[in-house]
Amino acid sequence: MKNYSQRSGEIGDFSDIPFWKKADAADLVYVSYGLLIVTLVVVSYLLGAFHLLPHDPHDIRLDLMMSPPGTAGHLLGTDFMGRDIFSRLIVGIQAYFLPGLLAVAISLIGGSTLGVLAGYRGGMADTAITYFTNLVDSFPRLVLILLVVAAFKPDIYYIMIVVGLTNVPVVASLVKGKILFLKQKNFVEAAVSLGLPARTIILKHILWYNCRSLLIIQATLGMGEAILMETSLSYLGFGVQEPSPSWGNMVQAGANYFMQGKFWPSTAPALAILFTIMGFHLLGDGLNNLLEGKRGR
Amino acid sequence: MRLSGLRPIALVLTREVMITVLLLLGVSFVVFVILYLAPGDPFSMLVEGQVQSEEARAGAREALGFSQSWYSQYFSWVTQMLQGDFGTSIRTGLPVASELVFVGFNTLILTIGSMLVTLLIAVPIALYSSVRGTTALSWPLTMFAYVVSALPVFWLGYIVIYIFMHRFGLFPLMTSSSRGFSWLYALLPIVVLGVGNGTISEVIRSLRDEMGRVMSEDYIRTARAKGASVWKHSFKEGFLIPVTEIIAAKIPFILGGAVIVEQVFNWPGMGRMAWQAAQDRDFPVIMGIAMLAAVFVRMGSMFQRVVYVMVNPRASKE
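Sequences listed follow chains G and F, in order.
Numbering (numbering that gives the first Met the number 0) for the first sequence: 0 to 296.
Numbering (numbering that gives the first Met the number 0) for the second sequence: 0 to 317.
There's no promise every hint is true.
[Said to hold, decoys possible] Using C-beta positions, here's what the derived DEER-type ranges look like:
1. G:Glu241 - F:Ser228: 54 to 62 Å
2. G:Pro196 - F:Asp84: 50 to 58 Å
3. F:Glu216 - G:Thr132: 39 to 47 Å
4. G:Val37 - F:Asp84: 28 to 36 Å
5. F:Ala227 - G:Tyr208: 43 to 51 Å
[As the list claims (entries may be wrong)] Computed, partial: chain G to chain F, Cβ under 10 Å:
6. Tyr130
7. Ala149
8. Thr199
9. Ile200
10. Leu202
11. Leu206
12. Gln251
It is worth saying that the hints were derived from the structure and are not from the lab.
All C-beta atoms, glycine included, are put in the ideal place defined by N, C-alpha and C.
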C-alpha cells in the first residue's frame, strides 16, 4: 500500500490524504455495520432463549399458510405450515449461536497454544504445525464434516468441533508469525532479561498486549464461517432438524414453494444468512484495517 | 523449453510427490480413526435382524474383515486402496472404485468450470482496481465482492433455476425427453458454483494487492520508460503466481461448495455421493470420496508449485 500511494503518473492520479480519509470512513462503516449485526444477533439470541417472541415458532396455523409479509400480526409472513417466519428467524439463531462460540473457542485456544509453541520454542512444534496445516488444507472441510456425520450422528456440536479444529492451523500460523516478529522487539528482550517467567511473557506481553486484536478478528471471521457451516449443513439435512428452526432448514423447507413463485419463506432466512455473514466478514476486515493497520483497498 | 529449464521442475515435482504421499497417508489415517471410533459399526446395521445365530454373526464379521485389530484393518484398507480396490458400497453392493471414477469426473468438470467462472468475474475487477486505484467504481465493486462471498449458494441456485424455468421456460429437468438443453443443464450449476463458492472476494483481494505491488516495482517502471509492454512484464509475477496460488488454496472450499450445488441441481458428483453416503453411513463410499477429494486438492497444490518454479526456478532449491 505504502509504495503504491507513492507512485505518480497516469496510474495513480489521486492524492494521498483524501484516500486515507476515505479508507478510514469505509472501515468505520464496515465496523459499525458489523457491530450492529453482532448486537442484533446477541439480542435476538437472548429473546429466543427467554421466549420473548411475537409468536410461538411452533404454532401451526393452517388457515394462515404461506401468508405474504405484512399480514396482520405476522411481520415477515408465515411458512408452509402457517408458522410465523419472524419468530422462527429469531429462534433459528439458537441453532448456531452457542455451537459457533464453541467452534471459535476451540480454534482460538488451540491456535494460540500451537502458535506460541511454534513461535516461541520452534523445532518440533513448528514442524507439527506445518504438517497439521497441510493436512487440514488437503481436505475439503465439508467432506470431513460429512465423514464425522456418517461416523457419529448429525449433531451440530460435533460439526462445530470439526469446524473449530480445522480453523486451528489458521490461527496458529498467524500467532506464530506475530511472535516471530515480536521476538525481535526490545520489550520481549527486556522482559526476558528482567527474569520474567516465560508464562508471563507469553500470556501477558505477547498474547494479551499484542495478539489481542488478531484473536478478536479471527473470532469474528470464525463466527461468520460457523454460521455458514451450520446453515449449509442444516440445509443438507444434517444440522438442526425440523420442526426446530434453523436458517438453513428454513431455506430448504421453502424451496418447493420457491419454484411455485412463493419466494418469501426461503428468501427471508436466506437474506438473514446473507446479511449476518456479511456483517461478520465486514467487522473482521474493518477491525483488521483499523487495529492491525493493514489497509485493503 | 530448454532441458536446463526442466531440472527445477523435476526437483520440485519429486519433492511435492513425496509430500503428497505423506499427506495422503495422514489423511487416510484421520479418515480411518474417525470411522474406527464410530459407535455401532455399519456391520451391525447391515445384518440387523437378518442373522440370528452368534456363530453366523461372527462368520459374517470375519468375511467383512471386522474382527481384526485396528492396525491390521488400517493396513489392509491402505494396501487394498493402493491396488485400486476401494471396497464395495454397503448400500448398493457395487465396487466403490468404478463409482468414484464416474462421480470424480463429474465433480472435476463442475469444479474446474466454476473456477473459470470465478476467474472471469474476479480478474477484470482485480486488474481494474489495481491499475486504476480508488475510483468511483471501487466502492460498489468492493460491496459486490462482500455480498457475493456471503451469499448462500443454495438460495442462489433456486433463484437461477426459477428464472430459467419460469422466465425462459427451459429447464432440462422438466423436459427430460429432449436432451437439447443438456449443455444448459451443465452450465447452470457451474455458473452458480463459480459465483457462490465464496472465493471471488479473496481472488480479487489477493490479485489486486499482488498486482498493485508488482506495478510499483522498479522493473515495471523501467519497462514503462522503455516503452515495453507493462502487461508482459507484470504478467508472471503479478498475475500468474497469485492466481494459481489462490485457486490452489481454495480448491477445498470449491469442493465443499460443490457438495451443496450438486444437491441443488441433482448433479451426479462426489458431493451428492458423499451426502448419500453420510445418510446411509456407507463407510467405504465416504472413505473413498475423502481420499479422492484429498487427491484433487494435492493435485491443485502440485500444479501451483510447478507454475511457481517455472516462473522462479530458484525456488526449487528451497
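Okay, the hints, checked on the actual structure:
1. G:Glu241 - F:Ser228: 54 to 62 Å: At roughly 60 Å between Cβ atoms, F:Ser228 and G:Glu241 fall inside 54 to 62 Å, so the hint holds.
2. G:Pro196 - F:Asp84: 50 to 58 Å: 56 Å, holds
3. F:Glu216 - G:Thr132: 39 to 47 Å: For F:Glu216 and G:Thr132 the Cβ distance comes to about 29 Å; the hint is violated.
4. G:Val37 - F:Asp84: 28 to 36 Å: 51 Å, violated
5. F:Ala227 - G:Tyr208: 43 to 51 Å: Check passed, 49 Å falls within 43 to 51 Å.
6. Tyr130: This interface hint holds because 7 Å falls under the 10 Å limit.
7. Ala149: 4 Å, holds
8. Thr199: Constraint on G:Thr199 not satisfied, violated at 36 Å.
9. Ile200: 31 Å, violated
10. Leu202: G:Leu202 check fails; min Cβ-Cβ to chain F is 31 Å, beyond 10 Å.
11. Leu206: Interface hint status for G:Leu206: violated (27 Å vs cutoff 10 Å).
12. Gln251: Holds, about 8 Å.
Hint check: violations occur at hints 3, 4, 8, 9, 10 and 11; the rest are consistent with the structure.
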